[in-house]
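Participant: Given chain A, work out where chain B with the ligands should sit, using these hints.
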Amino acid sequence: MPATPVLELRGVDKSFGPVKVLHDVSFTAHAGEVTALVGDNGAGKTTLVKGIGGVHAFDRGVYRFDGRPVRPRSPRDAAALGIEIVHQDLALCENLDIVENMFLGRERSHGIALDEAAMEEAAAATLSRLSVRTVGSVRRRVSELSGGQRQTVAIARAALWDSRLVVLDEPSAALGVAQTQQVLELVRRLADRGLAVVLISHNMNDVFAVSDRVAALYLGRTVAQVRTADVTHRQVVELITSGRSGDLGPRA
Amino acid sequence: MSTDLPKSEKPAVKFAAGDFAGDRPPGDMRSAALDAWQRVRSGDLGATPAILGLLGLIVLFTALRPETFLSKGNIANLFTQALPITILAMGLVFVLLLGEIDLSAGVASGVCAAVMAKLLVDAGQPWYVAVLAAVAVGIVIGTALGAFVALVRIPSFVVSLALFLGLQGITLRLIGEGGTVPVRDDVINALANKNMPVGLGWALAAAVIVGYAATEFLRWRGQHARGLAARPIQFVGARVGVVTLAVLGGTYLLSQDRAPGPIVLAGVPWGVLLVAVLLIICTFVLGRTRYGRHVYAVGGNAEAARRAGINVTRIRVSVFMIASTLAAISGIVAASRLSSVATNSGAGNTLLYAVGAAVIGGTSLFGGRGKARDAVLGGLVIAVIDNGLGLLGTKAYLNFLITGVVLLLAASIDATARRRRSEMGR
Ligand SMILES: Nc1ncnc2c1ncn2[C@@H]1O[C@H](COP(=O)(O)OP(=O)(O)OP(=O)(O)O)[C@@H](O)[C@H]1O
Ligand SMILES: [Mg+2]
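Each protein sequence line maps, in turn, to chains A and B.
For the first sequence, position 80 (counting from the first letter as 1) is numbered 80 according to the working numbering, and the numbering increases by one without interruption.
For the working numbering, add 1000 to where a residue sits in the second sequence, where the first one is 1.
Next comes chain A alone, as it looks inside the complex (with noise of 0.2 Å):
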């Protein structure tokens, strides 16, 4: 078992105004390792990632990060971390080919003007890092890729710095069957080169096949967090969608 997640949070809440959205959530990620959280419409995923990445700060409650505690404010906080995350709509410019996107807003240069054969390369890096075969194509336009692409691109970017932790909202959710599996490919690699990954997912073959903990979020509650491997199919949806599972789950 690693010793420390690179990230922990316990007992954190977060209102909307009078809205309620996060009670009492608790969740970690640990290096190495990718952690499905789960949960229905509405239960609180997206806005516990953003309260991760410093787009909203949570209410109250432990936010540590490597056993420290801290407090992003903004994504740029979060950013210098060593956090990334990857949004439900990707946010790339399609006018811009893939290494001006992976670079966007952190672009090098020397002197006013860009370094852009120091940023082809490393984009080029890491790109054959994942294996993603781009050879000779990263220079393509946004415009032109297929969904899949434009997610590979998305989560590229997310590695290409020296990130600890990445969380991936709804990587899968507009594409095919051969896409996803390409996702989920890059999604396990990230892990495998010991970055800890968040991954937020509504499909169970999609959970099941690359997640090694699951955690269910259920009306804004963590409802349960556990090794993939100790739980079934039907347990996870049962989480999903009533908060408990047999033994799973708060007690009544």
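No lab work stands behind these hints: they were computed from the structure.
Note that beta-carbon positions come from the ideal geometry of N, C-alpha and C, so glycine has one too.
Be aware that a few hints might be false.
Label pairs and their computed distance ranges (CB to CB) [unchecked claim]:
hint, chain 1, residue 1, chain 2, residue 2, range
1, A, V70, B, V1285, 36 to 42 Å
2, A, N205, B, L1409, 50 to 56 Å
3, A, D77, B, L1161, 47 to 53 Å
4, B, G1056, A, D77, 53 to 59 Å
5, A, V177, B, V1242, 53 to 59 Å
6, B, A1033, A, A229, 51 to 57 Å
7, B, A1033, A, L219, 30 to 36 Å
8, B, L1045, A, Q88, 33 to 39 Å
9, B, L1055, A, V177, 34 to 40 Å
Facilitator: Positioned in the frame of chain A, the structure of chain B with the ligands alone reads:
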């Protein structure tokens, strides 16, 4: 689904072959041609329509007016005619890249020119003070416009329409009803009416060509050596060839003696040098700096840019400042060309011509696509139309109609290209 596999065997998913199978090793002619074809099919036509249109129009007007259109005097005239439109359009490219519009750029150029003229004539200030003041006024106008668009969040066409009206009032107030202010300053007038020595023109042309060829080939060599995606050398050569031809041809035409009498009148107008310098600066800023990259990003997907940590508000304000600053310079050049500033300076079809120039050159009205050179190509097309129709002696009403149709045509190409792009994606 087996859930009890040891972790090392976890990848139960197999890499989907073929998703990036379109990838080819870079640099060979065939794949580059395929790439280019792919781009054209996806509606990305680059400078091709503008260049073809320009050549077509030149052939047309030469056929219709063989003795006047290609005469030496008229060609020089054509270039100086294109100067103010081109400079105004170059500023508008920045605004259009964000998918915004500045309807007030034309009259802003008029106000700036009026400020300059008043300082020169009434206050007796030296030319550089007057020019600096005009540019400062341009920056102020752009900042105000940008602030209303980016901070108050009013659509840019509304803010700039309000300015379009308001600024005409200011010009009217400065110049006085129905009046004109003559501009007699030698330096200002030289801009559009005086030429550089023929030798200097050739020297600068050579410098531009050598500089361009060197940057292109050095970049290609660097990319090639480091194994990066590079266009095949033939493509680079062809581009350099086209630019060389255009620069040498232009310099040659402008170096001919175009005076009807015994006095020699030859050389590249100084204003052409000004446009060349602005073109180089704007091309560098847009293509090679972080700022330029962020302009494209905001134009492509403002939300993505914001999430990437780009200050979208600052970018929005800045493009309007750039547009108005270049509008001020355009107003100065226009004043130089006419040796006067009138109450209707920068009004009328000035803005329509400039927007038309940018769009004809290939800049998209929908944001995210466009280059500084579009302004030059489009500015030449507009000047050729305006000039050619003048030589044909067409009535003013036809002139308006034809220019309107050309703008509509360019916008249609732009909209069609955009539709094709969104159909190609996914
Ligand atoms: N900014 C906000 N203001 C008010 N309520 C919000 C806000 N953002 C989210 N909510 C509410 O919080 C709840 C959880 O939303 P969230 O987006 O986190 O769900 P989710 O688990 O990601 O759902 P999905 O699977 O559909 O993506 C929802 O009821 C939603 O209406
Ligand atoms: Mg969500």
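Participant: For the range 34 to 40 Å, tell me whether the beta carbons of L1055 (chain B) and V177 (chain A) fit it or not.
Facilitator: Once the Cβ atoms are compared, 50 Å apart, the range 34 to 40 Å for V177 (chain A) and L1055 (chain B) is violated.
Participant: Does 50 to 56 Å hold as the CB distance between N205 (chain A) and L1409 (chain B), or does it fail?
Facilitator: 52 Å, holds
Participant: Within 30 to 36 Å: is that where the Cβ-Cβ distance between A1033 (chain B) and L219 (chain A) falls?
Facilitator: 58 Å, violated
Participant: Between the beta carbons of V177 (chain A) and V1242 (chain B), is the distance compatible with 53 to 59 Å?
Facilitator: 47 Å, violated
Participant: Between A1033 (chain B) and A229 (chain A), does the C-beta distance stay in 51 to 57 Å?
Facilitator: Because 52 Å falls inside the window, the suggested range holds.
Participant: For L1045 (chain B) and Q88 (chain A), compare the CB-CB distance with the range 33 to 39 Å and indicate the outcome.
Facilitator: 34 Å, holds
Participant: Quick one: are V70 (chain A) and V1285 (chain B) within 36 to 42 Å, going by C-beta?
Facilitator: 38 Å, holds
Participant: Does the beta carbon distance between D77 (chain A) and L1161 (chain B) stay inside 47 to 53 Å, or does it fall outside?
Facilitator: Cβ of D77 (chain A) to Cβ of L1161 (chain B): about 41 Å, so the range 47 to 53 Å is violated.
Participant: Look at the Cβ atoms of G1056 (chain B) and D77 (chain A) and judge whether their distance stays inside 53 to 59 Å.
Facilitator: Check passed, 56 Å falls within 53 to 59 Å.
In this structure, the earlier hints numbered 3, 5, 7, 9 are contradicted, and the remaining ones agree with it.
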